[in-house]
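Visitor: Could you build all of it, start to finish, from the sequences and the hints given here?
What follows is each chain in one-letter form.
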Amino acid sequence: MKIAVLSGKGGTGKTFVSVNLAVAKNAAYIDCDVEEPNGRIFLKPVDCKESPVFAGLPEFDESKCVGCRKCVDFCRFNALVFIKNKPAVFSDVCHACGGCSLICPTGAVTETMRQIGSVEQCKYKKTDVVTGILNIGEASGIAVIKEALDTGLRLNENAVIDCPPGSGCAVMESISASDLCIIVVEPTAFGFHNFKMVYRLVKLIGKTCYIVINKEDAPYPPLDGFCAENGLPILARIPFDPETAALLANGELLYGMNDYYTDLFDKVVCEVKP
Amino acid sequence: MIIILPLDENKTDICVSFGRCPFLMIYDTENNSTEITENSAANAQGGAGIKSAQFIVDSKADALITVRCGENAAEVLNAAGVKIYKPEGIDAEHNIALLKDAKLSPLTHFHAGFHGIQ
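In the order they appear, the protein sequences are chains A and B.
Numbered according to my numbering, the first sequence terminates at residue 334, and the numbering increases by one at each position without gaps.
Numbered according to my numbering, the second sequence terminates at residue 152, and the numbering increases by one at each position without gaps.
Among the clues, some could well be false.
[Said to hold, decoys possible] Here are the simulated DSSO-like cross-link-like pairs (lysine-lysine), alpha carbons at most 30 Å apart as the crow flies: (1) A:K206 / A:K186; (2) B:K117 / B:K134; (3) B:K94 / A:K146; (4) B:K117 / A:K146; (5) A:K267 / A:K206; (6) A:K185 / A:K206; (7) A:K206 / A:K333; (8) B:K94 / A:K144; (9) A:K267 / A:K333; (10) B:K120 / A:K146; (11) A:K206 / A:K104; (12) B:K134 / B:K45; (13) A:K124 / A:K186; (14) B:K137 / B:K120; (15) B:K134 / A:K144; (16) A:K267 / A:K183; (17) A:K267 / A:K186; (18) A:K144 / A:K130; (19) B:K45 / B:K137; (20) A:K130 / B:K117; (21) A:K130 / B:K94; (22) B:K134 / B:K120; (23) B:K94 / B:K134; (24) A:K327 / A:K267; (25) B:K120 / B:K94; (26) A:K333 / A:K256; (27) B:K117 / B:K45; (28) B:K94 / A:K124; (29) A:K144 / B:K120; (30) B:K117 / A:K144.
[Said to hold, decoys possible] According to the in silico footprint, chain B covers these stretches of chain A (three or more CB under 8 Å from chain B): (31) 123-137; (32) 244-253.
Please keep in mind that the hints were generated in silico from the structure rather than gathered at the bench.
Since the model is a prediction, treat every value here as computed from it, not as a measurement.
Glycine included, each C-beta is placed from N, C-alpha and C at the ideal position.
Guide: Here you go:
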């Protein structure tokens, strides 16, 4: 079973839930939050192997270019321009779709590969820990997310996918391979607002959805009402607790170290069904 | 000389956005002709500034008068030798007159994209 953990709002507790759930479930942990992969802080994995991830970037052969501009017109991201009778690319706008090289009638466009990040494959005890790492300054982490998912799911079909925050392309890519989603939500107006955005996405893609409420210092009726109305099972309510916060700030894994959280994540494992 | 300005919906005021302005005014000092055209980049998924800049270059413009301009668009315009000027107030016609009298100063600040990428 492949479980994607997402939240919308950043700092809600995706990684906290993901790492503990992965260990509780004996599943691979795949960190798709490639801009800031933090699962490693908690799991402190060893025996790491790193492999590079590349993305294509068009290169133009001026001797073959006839100036038809088909490549420029084709690019829906407007990454190409045609100035002084030759095409040029904005590498930070290019999505590496490869369309320009396919559409060029004279073979003047070829794709060169450049490294945009890497995937690290390590172990925490028996748990496979796979981390997607996007190089600083790169605009799109999709290729790194794809490679991290491929690597992780090859090692273990049973996996917990730690998604990036937000509800954009990177999140869609991260949850696409999953069997079900767990949305971690903070019982605040901000948390609830962003939760509804990711819930819409998860529903649109047609994934089964479970809820974990984190940092619950008091019930938040709009959230409970929304979950009841939409038949969303609440797997766990994790209290707001300064001691837990201190342990997490120290990068501690709680499953297996702390009875309360060991029971809590064991219960989550039992209740989650695709 | 061909001068281009981004226009608001009312087609008389300069639009604060360059890449996503609804209309563009193309003014030719040769015959004092004015043409107003829809900006095809206004609803682009991304790279609106680049696409608008491409239009400016393709129109063989010599100058662009705009409140704001992104780094990518500025790179395209600079490469093609299009000068970028800062307007005085928002009236488009008035700014064309000012530029003809060489009373506008060049735009010197170019912002990074408002890409807000997911």
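Visitor: Take the hints in turn and mark each one as holding or not.
Guide: Cross-check of the supplied hints:
Only pairs whose Cα atoms come within 30 Å are accepted, and A:K206 paired with A:K186 is accepted, the gap being roughly 23 Å. Taking the CA atoms of B:K117 and B:K134, the gap is near 13 Å; set against the 30 Å cutoff, the hint holds. Of the pairs offered as hints, the one joining B:K94 and A:K146 holds, with about 15 Å between alpha carbons and a cut-off of 30 Å not exceeded. This hinted pair checks out: B:K117 and A:K146 have alpha carbons roughly 20 Å apart, not beyond 30 Å.
Using a Cα cut-off of 30 Å, the hinted pair A:K267 and A:K206 holds, with the two alpha carbons roughly 19 Å apart. Restraint check: the Cα-Cα separation between A:K185 and A:K206 comes to about 25 Å, which is no more than 30 Å; the hinted pair holds. With a CA separation close to 24 Å, the supplied pair A:K206 and A:K333 stays within the 30 Å bound. For the hint linking B:K94 to A:K144, the alpha-carbon distance of about 11 Å falls within 30 Å, and the restraint holds.
For the hint pairing A:K267 with A:K333, the CA-to-CA distance comes to about 12 Å; that is within 30 Å, so the pair holds. A distance of roughly 29 Å separates the Cα atoms of B:K120 and A:K146; the hinted pair therefore holds under the 30 Å criterion. Annotation: proposed proximity of A:K206 to A:K104 holds, straight-line Cα distance about 23 Å (limit 30 Å). Distance check on the hinted pair: B:K134 and B:K45 sit about 20 Å apart at the alpha-carbon level, within 30 Å; holds.
For a cut-off of 30 Å, the pair hint linking A:K124 to A:K186 is broken: about 54 Å separates their Cα positions. With a C-alpha separation of about 10 Å, the suggested pairing of B:K137 with B:K120 holds against the 30 Å cut-off. Proposed proximity of B:K134 and A:K144 is supported: the alpha carbons are some 26 Å apart, at most 30 Å. Between A:K267 and A:K183 the CA atoms are separated by roughly 29 Å; this keeps the pair inside 30 Å, and the hint holds.
For the given pair, A:K267 sits about 28 Å from A:K186 by alpha-carbon distance, which is consistent with the 30 Å threshold. Restraint check for A:K144 and A:K130: satisfied, since their Cα atoms lie roughly 16 Å apart, inside the 30 Å limit. Using a Cα cut-off of 30 Å, the hinted pair B:K45 and B:K137 holds, with the two alpha carbons roughly 23 Å apart. Taking the CA atoms of A:K130 and B:K117, the gap is near 27 Å; set against the 30 Å cutoff, the hint holds.
Between A:K130 and B:K94, the direct Cα distance comes to roughly 20 Å. Compliance with the 30 Å bound is thereby established for this hinted pair. Taking the CA atoms of B:K134 and B:K120, the gap is near 14 Å; set against the 30 Å cutoff, the hint holds. Distance check on the hinted pair: B:K94 and B:K134 sit about 17 Å apart at the alpha-carbon level, within 30 Å; holds. In summary, the hint linking A:K327 to A:K267 is supported, as the alpha carbons are separated by about 21 Å, within the 30 Å threshold.
Annotation: proposed proximity of B:K120 to B:K94 holds, straight-line Cα distance about 20 Å (limit 30 Å). Straight-line distance between C-alpha atoms of A:K333 and A:K256 comes to about 22 Å, which keeps the hinted pair within the 30 Å bound. Between the alpha carbons of B:K117 and B:K45 the distance comes to roughly 22 Å, so the proposed pair stays at or under 30 Å and holds. A distance of roughly 25 Å separates the Cα atoms of B:K94 and A:K124; the hinted pair therefore holds under the 30 Å criterion.
Between A:K144 and B:K120 the alpha-carbon distance is near 25 Å, which keeps this suggested pair within the 30 Å criterion. For a cut-off of 30 Å, the pair hint linking B:K117 to A:K144 stands: about 16 Å separates their Cα positions. As drawn, the stretch 123-137 of chain A meets chain B at 4 residues by the rule of a beta-carbon pair under 8 Å; at three or more, the given contact holds. Coverage of the stretch 244-253 of chain A by chain B is violated in this model, with 0 residues showing a Cβ closer than 8 Å to a Cβ of that chain against a need of three.
The structure is inconsistent with the numbered hints 13 and 32, although it conforms to all the rest.
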